[in-house]
Amino acid sequence: MPPGLPDRNAPLGPPMPRGPGPVNMMRPRPPGPAPPMFPGAAPPPPPQQVSLPAVMEHKLATAQTEMQRLLTENQRLAATLVGLRQEVAAAQGEIQRLNQTLTTHQAESEASMRNLADSNSRMLEELRAAEPLKQELHAARMEIQSLHVRCKEAETARAAAHQQLQGVTNDFQKARQELSQLPAMRQEVQKLPLLRQEILGLRQELQQARSHLDFERKVNAEQIENRQRMESNLVAMARENEKLRAELTNTERRASSGGNTPWSASAPGVQNDWSSDLWHTSSTPPAPISTTPTATTAPWSSYGASTRRPA
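Following full-length UniProt numbering, the numbering of the sequence shown begins with 1 at its first residue and continues without gaps.
Please keep in mind that the hints were generated in silico from the structure rather than gathered at the bench.
Think of the CB as a built atom: it goes at the ideal place given N, C-alpha and C, for glycine as much as any other residue.
Be aware that one or more of the hints could be misleading.
[Said to hold, decoys possible] FRET-style restraints, in silico, Cβ to Cβ:
#1 112 x 89: 46 to 56 Å
#2 222 x 242: 27 to 37 Å
#3 108 x 147: 30 to 40 Å
#4 183 x 219: 33 to 43 Å
#5 73 x 108: 43 to 53 Å
Modelling step: build the complete structure from the supplied sequences, incorporating the hints.
See below:
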């Protein structure tokens, strides 16, 4: 029997009295005068004043009243007892049902516990058997990680090889293009002797042009120096001319003021025509620069003839 549940075979309480007739459950009356039946009733007259028949009638009435009350109480208790017995019967039936349910539940619990114990033992056996599988799984995971690392390395190597392949492909295409240009290059190589001859001829012409240019530079420098000297001489002569004109003007003014021309007979080197140019009294002017080809410009004709290429 599990704890906490009442025993169905144990008595529900103290045994009830059995037997015919009502049961006097009143306590014995103490000696002395009887107490009043009701609290508000007047006490009985003293025995000296009440007669014996009245006392007996009073006692009978009191006993009847008490008996009636006891009968009513007994009926009420009997009804209560019937209800309690019904409740006890229902409780006993409920207890029996609960005991059956508890027995079934205990059996189911024991069966489930046995099943759990069996499954636990099986799981323990499976776990013990799975230890090698765990080790194999751990080894497989390590192998997968190493394979993953190897795959990454292989991917990196593949990318590098792809780049190298692209570089080699580009080089191969360039080499193919160069090979396609090889006949033209051969023709160009065959033309190299002619190009060398042309280069040598151009070098010779360049040297001749440089020599002619140096010569022309020297000639031009000399001509520039001569021209500068001539310009300086012309400037000096112009200044002298201005001075002479100024002196002549002053002389004419003096002559016109005096009425005589003393310079007409005393200046044998000066003409009477003062309005004429002063070149008559000076030396002949320098000859102008000739533009006709001379010995200095002769090399250019030879340079032009030498620079002309044969058709």
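Against the structure, the hints:
Between residue 112 and residue 89 the beta carbons are some 34 Å apart, a value that contradicts the proposed interval 46 to 56 Å. Evaluation of the 27 to 37 Å hint for residue 222 and residue 242 yields a pass: the beta carbon distance comes to about 31 Å. Between residue 108 and residue 147 the beta carbon distance is about 52 Å. The supplied range of 30 to 40 Å is therefore violated. Restraint check, residue 183 to residue 219: a C-beta distance of roughly 53 Å breaks the suggested window 33 to 43 Å.
The supplied range of 43 to 53 Å is met by residue 73 and residue 108, whose beta-carbon atoms lie about 50 Å from each other.
Going down the numbered hints, you'll see the structure goes against 1, 3 and 4, while the others check out.
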